[in-house]
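Asks: One letter stands for each residue in the lines below.
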Amino acid sequence: MLSLLQKLSSGLQKTRSSLVEGIHRVVNKARGLDAEVLEGLEEQLLLSDMGWETVEQIMEQLRRRASAANAFNAEEILQILKQELNEQLRGVAHGPLNTETAKPYIISVVGVNGAGKTTTIGKLAHLFSTQERKVLVAAADTFRAAAVEQLDVWRHRAGVDIVHAQPGADPAAVAFDALKAAMSRQVDVLLIDTAGRLHTKGNLMAELTKVNKVLERQCAGAPHAVLLVIDAGTGQNGLIQAKEFTKAAPITGLVITKLDGTAKGGIVFSIVRQLGLPICYIGLGEKIDDLEPFEPETFIEALFQ
Amino acid sequence: MFQELSEKFESVLRRLRGQGRLTEANISEALRDVRRVLLEADVNYKIARQFIADVEKRAVGQEVLKSITPGQQVIKIIYDELCKLLGEKEAPLLFSNRLPNAIMLVGLQGSGKTTLAGKLARHLRKKGRNPLLVAADVHRPAAIQQLQVIGKSLDIQTFSEEGRDVPAICRHAIEHARKNMLDTILIDTAGRLHVDDEMMQEVRRVKETVDPTEILFVADGMTGQDAVNTAQAFLQQLDFSGAVLTKMDGDARGGAALSIRAVTQKPIKFLSVGEKLDQLEPFYPDRMASRILGMGDVVSLVEKAQEAVNADQAFRLEKKLRRQEFDLEDFLEQLQQVKKMGPLQDILAMLPGVQNKAFKSMQVDERALIRVEAMIHSMTLAERANPSIINGSRRKRIAAGSGVTVQEINRLLNQFEMMKKMIKMMKHKSGGNRLPFGF
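Protein sequences, first through last, are from chains W and Y. Per our numbering, the first sequence starts with residue 1, numbered consecutively. Per our numbering, the second sequence starts with residue 1, numbered consecutively.
Hints were generated in silico from the structure; no laboratory data involved. Given the structure is predicted, the values throughout are model-derived calculations rather than measurements. For each residue, glycine too, the CB sits at the ideal point set by N, CA and C. A few of these clues could be false.
Examples of chain Y residues toward chain W, derived with CB under 7 Å [to be verified]:
#1 Val-149
#2 Ile-150
#3 Asp-165
#4 Pro-167
#5 Ala-168
#6 His-172
#7 His-176
#8 Gly-224
#9 Asp-226
With beta-carbon atoms standing in for the labels, derived distance ranges [claimed, not checked]:
#10 Gln-166/W with Ala-400/Y: 28 to 36 Å
#11 Arg-367/Y with Lys-201/W: 17 to 25 Å
#12 Gly-163/Y with Arg-217/W: 31 to 39 Å
#13 Arg-125/Y with Arg-217/W: 40 to 48 Å
#14 Ala-53/Y with Ala-173/W: 51 to 59 Å
#15 Lys-243/W with Lys-126/Y: 32 to 40 Å
#16 Arg-205/Y with Lys-287/W: 17 to 25 Å
#17 Arg-125/Y with Asp-177/W: 32 to 40 Å
#18 Arg-367/Y with Gly-95/W: 53 to 61 Å
#19 Arg-217/W with Lys-126/Y: 45 to 53 Å
#20 Glu-175/Y with Ala-206/W: 47 to 55 Å
#21 Lys-287/W with Glu-175/Y: 28 to 36 Å
Lysine-lysine pairs mimicking DSSO-like chemistry, simulated, CA-CA at most 27 Å apart [to be verified]:
#22 Lys-180/W with Lys-103/W
#23 Lys-276/Y with Lys-247/W
#24 Lys-243/W with Lys-276/Y
#25 Lys-276/Y with Lys-201/W
#26 Lys-103/W with Lys-210/W
#27 Lys-180/W with Lys-213/W
#28 Lys-213/W with Lys-247/W
#29 Lys-201/W with Lys-243/W
#30 Lys-210/W with Lys-276/Y
#31 Lys-46/Y with Lys-82/W
Next comes chain W alone, as it looks inside the complex (with noise of 0.2 Å):
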């Protein structure tokens, strides 16, 4: 198995090639903090979804820490940049889930539509089975055509159970039936997949809100982590996204999927920042094995080798 830095390179391979190589060639032309190089630097986290606001507060560090230190180096510039980055995203505890807090661990799987939660809940069932837990996935989903086989496919993949309902269905009792099931079937972790809604449909966002709440009733403290799945492609609106379901159900972590196009995901350094959410996994392909803990420093080093 590749380790995780390079399978974590490979996958952000093309992020690498786009934005830090635009970054190396124009720190390599510099001869000093010159407003050009500021500018295309300030392009190239531009162009990474990182956001406007957050490039202008690392702009703005970049350029006091620079000529405090009185860097006019190329690598010197670049490494400033890069522990820059790395506060953005420090301060939270990132990485992956820790499952044996709780007997049966619910994670409720949320997010807008074709951010890949299905197929993360595929992965995350694949994950903790690896790991000797005894997994539940619930099809929540019970609106979308063929959401339930769907996850029917990717749980026989992981060889796991799962718990469905007809087609319609409401979807707190999915998840209230899965309980139910995790419980008495001593299950250490139960996933519960619920259909891809759009943040601004208020009804949707509450039906979300009654699915926590049914889960809490039977089991105080649950759902232990509502993991958010965000799209790299995704734009400024992730930002959105975050604060809203927020509102209707807590999320406890986010995970990036499709990291490995071309896109650099850049919006999750103004989640992290403006939320203080932790980035938990990230998405690599859709092959079951293609998910990652998200670790801070791999990430970024993986951004600037």
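Model the placement of chain Y on the given structure of chain W, informed by the hints.
Replies: For chain Y alone, coordinates are given in the frame of chain W:
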């Protein structure tokens, strides 16, 4: 959609509107804000920069100095440039005489291709065609079932096959369509990353096999800066004929529309605006551009109003309003004209300044209009001309005649009185200016 961008633009441009004369300094300040607005709306950085440069080039110097109202001039330039970027006119689907026509849907994972396939199938059937859905996504678990469920709910045939040879599946689908007199096949391909060579080769082979009349690049309306890269790569590999933006019912600002359009020069053909299969809209570039600018869709509104309101009637009404002779008969006439203009919600959305939050969630009850109409119809001509004669027993009769309660009659009459008062106040305030569209 684009509402947030409109709101931002409105706040940026309001500053310009207030100033008598533009200086280079305040143009560049406003343009910096506009650039920021575009970036926050996910317009690609490079495209936003180009856009600003174009506007600046046109705004600074001669044109602005000559202009009497420089603020309006800049708004006009920004609007024109935005229109240019978005594409100047509406782009419908193209068909050929060689049957069956094939339409391919391509794009990244999770962009909404399968749902769109259902929506397009429904759209085609409404246009009198006989579509066949083709399940060409053999990669994602249950993608075929998803398309089958959608097809079944629409009562439209879905073609699928065991096996993973996608070009062969498509070839068989064409044969099936020929045999069954189906004139259009909609191919739902698997989502794929543009950097996945193997998958891109597969979709190129599908293109060679079916020789499609349309290839639609399906993109998530929430996409950020990367929209440019994916659109460019898909264009290079497939030379697609148009794009569709999905999930536009959310609050994403949809800058991806500008980006995709600008780098590919291909038209955006539809907006997909919900999970139900009838939630598909044509893409109107000019309408979008004016909405982005917070100008409201003034042009369309004026056109609509002109169609609906007979100029003669409007003139008569205006005179009556001025002389305080506005009665329920006129009110009824107005209602009927408003109804001719189309759903109230659409009209509200077109008005400048109606982009704000208070209106966004407002539901307009069209049936309320019908009830009001019925109430006025149940009145005698004398009552309509002089509502003050409507006493208790008349109210009861009118209520019975129009199938409403007396309370509703009371409410209507109170509202009418209030409206008359407001018109009176408006007249004093505006100093007798021409009322817009005869209202």
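Asks: Evaluate each hint against the coordinates.
Replies: Evaluated hints:
| no. | hint | result |
| --- | --- | --- |
| 1 | Val-149 | holds (4 Å) |
| 2 | Ile-150 | holds (5 Å) |
| 3 | Asp-165 | violated (19 Å) |
| 4 | Pro-167 | violated (21 Å) |
| 5 | Ala-168 | violated (22 Å) |
| 6 | His-172 | violated (22 Å) |
| 7 | His-176 | violated (22 Å) |
| 8 | Gly-224 | holds (3 Å) |
| 9 | Asp-226 | holds (4 Å) |
| 10 | Gln-166/W with Ala-400/Y: 28 to 36 Å | violated (48 Å) |
| 11 | Arg-367/Y with Lys-201/W: 17 to 25 Å | holds (24 Å) |
| 12 | Gly-163/Y with Arg-217/W: 31 to 39 Å | violated (48 Å) |
| 13 | Arg-125/Y with Arg-217/W: 40 to 48 Å | holds (46 Å) |
| 14 | Ala-53/Y with Ala-173/W: 51 to 59 Å | holds (57 Å) |
| 15 | Lys-243/W with Lys-126/Y: 32 to 40 Å | holds (38 Å) |
| 16 | Arg-205/Y with Lys-287/W: 17 to 25 Å | holds (23 Å) |
| 17 | Arg-125/Y with Asp-177/W: 32 to 40 Å | holds (38 Å) |
| 18 | Arg-367/Y with Gly-95/W: 53 to 61 Å | holds (55 Å) |
| 19 | Arg-217/W with Lys-126/Y: 45 to 53 Å | holds (46 Å) |
| 20 | Glu-175/Y with Ala-206/W: 47 to 55 Å | holds (48 Å) |
| 21 | Lys-287/W with Glu-175/Y: 28 to 36 Å | holds (34 Å) |
| 22 | Lys-180/W with Lys-103/W | holds (12 Å) |
| 23 | Lys-276/Y with Lys-247/W | holds (25 Å) |
| 24 | Lys-243/W with Lys-276/Y | holds (26 Å) |
| 25 | Lys-276/Y with Lys-201/W | holds (13 Å) |
| 26 | Lys-103/W with Lys-210/W | holds (22 Å) |
| 27 | Lys-180/W with Lys-213/W | holds (15 Å) |
| 28 | Lys-213/W with Lys-247/W | holds (14 Å) |
| 29 | Lys-201/W with Lys-243/W | holds (14 Å) |
| 30 | Lys-210/W with Lys-276/Y | holds (23 Å) |
| 31 | Lys-46/Y with Lys-82/W | holds (24 Å) |
Violated hints, listed in ascending order, are 3, 4, 5, 6, 7, 10 and 12; each of the other numbered hints is respected by the structure.
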